[in-house]
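Chains as they are written, first to last, in our numbering: chain A, 1 to 727; chain B, 1001 to 1313; chain C, 2001 to 2210.
Think of the hints as simulated: they come from the structure by calculation, not from any bench.
In this text, a Cβ means the ideal position worked out from N, Cα and C, and glycines have one as well.
Hints may be right or wrong, so weigh each one.
Now the in silico label distances, taken between C-beta atoms and shown as ranges [claimed, not checked]:
1. D1283(B) - Q2121(C): 26 to 36 Å
2. A1289(B) - Y2097(C): 17 to 27 Å
3. F34(A) - D1191(B): 53 to 63 Å
4. A689(A) - L1197(B): 52 to 62 Å
5. A172(A) - A1289(B): 36 to 46 Å
6. A1303(B) - P2113(C): 30 to 40 Å
7. R2013(C) - A172(A): 25 to 35 Å
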Amino acid sequence: MRVRSIRAARRALGTRTGRIGVAVVTAVILGAVFYVVGYPKLFEAYTGVRNGALTYASSVAISDAEFEAIADRLTYDTRFVAASRVTADEKSEFTRKVKTDILMKTPSFRRDTDLRHIEYLRDAGVRRYEGPATCLECHSTMTVHTPDGETVEVDTLEDVLDSVHFTFQRTAAGFSTYGYDGREVNAEGTRPIPVGKIDRACGIPGSFSWTGWAELIETKPESAHGKTVMRSEGCGQCHIGGGYHPATEKMMPFGDVPDVAKDGVDCLICHSQAYDMNYRHVIEDEVGTRWNQDRSMKAAMAVTLPDNENCLLCHQHNMGGDTYEHNKAAEALGYENPRLLHAGAKRANPFSPEADVHYAAGLQCTDCHTPVGHKIPRGTKGTDLVANDLPGVEVACENCHTTAPHTEGTQRVMLNGHIARLACETCHIKELEPLNVVLRDWTKPVWNAEEGVYTPTDILRSGEVGQGFDFFWFNGAGTFLANALGTNPVSPDGYNPLMERLVTLDPDAMREALKPALEEMTKTHEFDVDAYIDELTDTLSALPPKGVEKRVKVIEEKLRPLMAMGESKITPFKLLNARMYEHMANEGPFGAMILPFDYATYYETGNPTDAVNEAVKNPIIRRMYEFPFKAYMMDEFMAYFGVDEWKTAYPLQGGELVDVEPHWMRQTATLMVNHGIQRDGRQCAECHAPDGVMDFDALGYPPERVADLERLPELEAMVEQSLAHSR
Amino acid sequence: MSAKTPHAIRRPRRWAIAPCVAGAFALLAAAPALAEPAPECVRCHGMSTLGYQDRASGAVVSLHVDADAYSTSNHADLDCVACHKAQYGDYPHADAVRDEDLHCLDCHTDDERLARFKLDEVGESFARSVHVTRHGDAFTCFDCHDAHAFDIARDRDQVADVVLDSNAICLNCHQSTETVGMAALAPTALDVAHAWLPNASLHRRHVRCLDCHTPDDPAASHEILAAEDARRACVDCHTADSALLTKLYRHRVREERTRAGFINATVFNDAYIIGMTRNVALDRASVAAFVAALTLIAAHAAARWRATRKAGR
Amino acid sequence: MNRRIRLYPFWLRAWHWSNAALFVALIVSGVSLHYADPSFPWIPFRIARSLHNVAGIALAALYVAFVGGNVLRGGWRQYAPDTTRLLDRMRRQGAYYLWGVFRGEAHPFQVTPSRRFNPLQQMTYLVVMGVALPLLIATGLLLLFPQAAPERVLGAGGVWPVAVAHSVVAFLLTLFFLGHVYLATMGASILSGARGMITGWHEPHEGHGQ
């Protein structure tokens, strides 16, 4: 038998097809071996990122006795918090205490409240939490109900690794963002590229998160009297992957995150009621720096479905801000190397019981952002090019409210009428937190004595309408650099924010508003204040005349049709501009390629060009300026940016930055604000008045309509009527 | 009349129904002048979301008037105040305006120009409709017909569009979960009620609800029949002399019957209706071929029989 | 004594008679649907429709089984035409049907297990089983699921051409059915064809098979 098969094989080899077959099989086997063994090494060598086994000091085994002690404590605390929530309205403190006690002893209350994983883990004999491995023992797969009404069984870990919470980018369509070339990002007719976070409040826009993933900063705070204190900083603090770099493998055309990196997924930061943010700080080991996690048994025993507090451990950072007074995560900065807080807020519309009517009403984040497995929808509207797990799924007021949501008062019909033209947020977000960063100058850092670091100068922070945020027509889509797209349905031609409101500011008003910040800056930096004001208040002055011409052409030809899409409503947007270093070789009519900062250099020396110099040395930035990256994504990226092609001239020549200049963005960015919803909206006369908060002229209404809207005869009649009634 | 029902604001008395249609027809005689409703009204009533959630029914009541639709409707050259005569000077308007009683007959009594539309028949048949016998005065013609957009002259090239428009009126209530009192006919219930009907969704897209839910008599066009009285015999429509010819296709039969070859050519362009759509030439050819085949066989068999008999001998 | 030949395996006979029964049901219900008339209710519309649907689906399933059976058991070879002097052989077979049979001429075709069909038969069956029946089934399925039919064809409703094709092909197959039944009586005896299809044994014509 054996002899026969050998003979058959020999015969097969004799034929041409046989030889080709053998060659193909050999090639496939060799390819597979290379993919598993060689490619990851090659990948690390090429990108400069490193992977290694991830261990966490907080992951320790405990004894049965310790388990029970923690269980008792957790159970008591959970019951107490839940019971106190119920009895919170009780006026007498004593009665409240008695009621709370009774409730905590009530069997049905305990049944609904108690942490069920304590029992599961006790029975399973789990005495040490070892990250995803422990969770997956029971949860290797999970049942997911898709928006189409299907029920599917998915691999839990893969589901997490595919989610934006892990990858924080997507190489697929589903962005409500359009390039300045008129194409929808990653839609049909494009070459899909990985994109996910272009966030310009940060000196480290998303695509550069490699240069500031997990950083240790030497600070010299006043309180330490000359001693240095190590602090943690970097994008990794908010991302669930615990590796030494963002999931770089996920943005490449092939290859997967290595298994050692998969062990770094932080399940508990979303799923534990007892996650200790003091464990979230940067640690350094032989491979590099990365973010620590709470892998204590205590946190594991407190596992539940995520609630608002879980989400807000990270997301209050971008909504309320790090220094927002009700930011819980900011109360636990770290047992070691405590995290540095960012002083200005990205959106400044907090989601908290104090600031948001929905939170106060007991709603959960997941009520609106309803998860499908580990994929969480952001909604279909947006300007900011942030990746979305479930692009088609609507997250909107109308999902719950009717088309006639105002149910009280004589004006309810009129208020409902406004919905055709106004987003709900227009009236129901009356102000943002004062921490809101509007103008941030990264190029002129100032010394922050309290923290002992140099920080970028927020020359304007404001939560007021007209300064910190303003109203724009919005059809749900945005440009590549976060400008709301939309048009005035009454007079489309009269509205062109990209040549008007988003590029000019009133110099006199600015001079006045910026006075304190400018004084502070002139102490550290020598510069011509008048020229600075001119540059800031007319951002197009940075463009050559040809550039302005091209800009006008692009707006008329490419953007006008996009502005006219769908139904536009007047919508409030947080305003933001930042002065950063740009590489002028890649400049277009809407700006030039921004360069990142190295956090440690920036914070410690206050020398922004040295910080840029250091960051640009990062291997992956160097790769960006080479052909494979140009072909893979950068040409396409620049096309969206309004630039014909990606120039691979590396900005660092002989150790010096070449062709690098500080500039404001050519246009103010407009970022959606949707949280911090206030119950009582604006009153008629707040907008419908000659000096109202809404600039009808800037919204493109013709003059006679502006005059009309500012003095509505109906409104005057209403006022008279109400006066008559009160008389 | 109660002020609580959602449609109270534009509710006529029942006997005023026919003339409301009449009002529309009246304008057909003259070329409809393009006009827009008064700008001071459109300022608010032009807002597409102007409305409120009715406290009794929970339904959202729209107070929007589509100025574009109005300007091409049969009422286009009427001012708003030609019909709405109550006190509208206050903002927001006093609650009393909701009780304003609009009567189509106020404008159109004994109008000779409308005689050919037999509006008395419309009124009478409506009075017999299940809507009125079940809901009484609460049901008005405005529940189906929008006086602000009514356009009898609107020409529809495609039967499918006629069906869509007509059925949209019915489904507006019979498929809406918001409408109180219709809960029994909420979406699934509507499907359950038509479960007996093969290819129900296909039927819904290609014939009007009215084609089964009104009697055969053309004078009873507004007599909506309840489920138990409605047509259920497939063969009423699925036959050469289909009921559809006097209903959905009524206006097309005359013009198209003369066209070559096809009985019921009226639907030639739109649908194939089993039993109704027949091609005369094909049908005749098939019968002829059938007869010819049988004759041939018979002849052959006869010849064979004779041959065997001869051989046997 | 003529030697009988084992010609039709059991599965083939089962298929043949089920097919025949379904065909009759489809013709009757189909005609009833096409000429539906309330004043002459042959079969009630609703019953005719159900009967037609059920029988149609069953026929389609049987067709698939038939094709499968033929592929597996090699029956397809019966349908592969032998092109050598095909026209001439077809002419001779036709001539036999048209006058040879009346003169008591010998049957020009000798049935063997490897070649059951005479050339005329073979060509007819090839068209019937290879073209007409698939077309009938395809159009029938489209009528059963009209949402799958094209929305519009050349400006007219998409169901319309499908329906016309279905009835035309169905009518042609009905004609074939008549001819087939009649030609089955032209065996050794009037009923020997039918008997052969029941028992599986072919009775050769007299004067042959020695």
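Outcome of the hint check:
1. D1283(B) - Q2121(C): 26 to 36 Å: 30 Å, holds
2. A1289(B) - Y2097(C): 17 to 27 Å: 19 Å, holds
3. F34(A) - D1191(B): 53 to 63 Å: 58 Å, holds
4. A689(A) - L1197(B): 52 to 62 Å: For L1197(B) against A689(A), whose Cβ atoms are near 59 Å apart, the range 52 to 62 Å holds.
5. A172(A) - A1289(B): 36 to 46 Å: This hint is violated: roughly 59 Å between Cβ atoms.
6. A1303(B) - P2113(C): 30 to 40 Å: Holds - the Cβ-Cβ distance for A1303(B) and P2113(C), about 32 Å, lies within 30 to 40 Å.
7. R2013(C) - A172(A): 25 to 35 Å: 57 Å, violated
When the structure is compared with the earlier hints, violations turn up for hints 5 and 7 and for no others.
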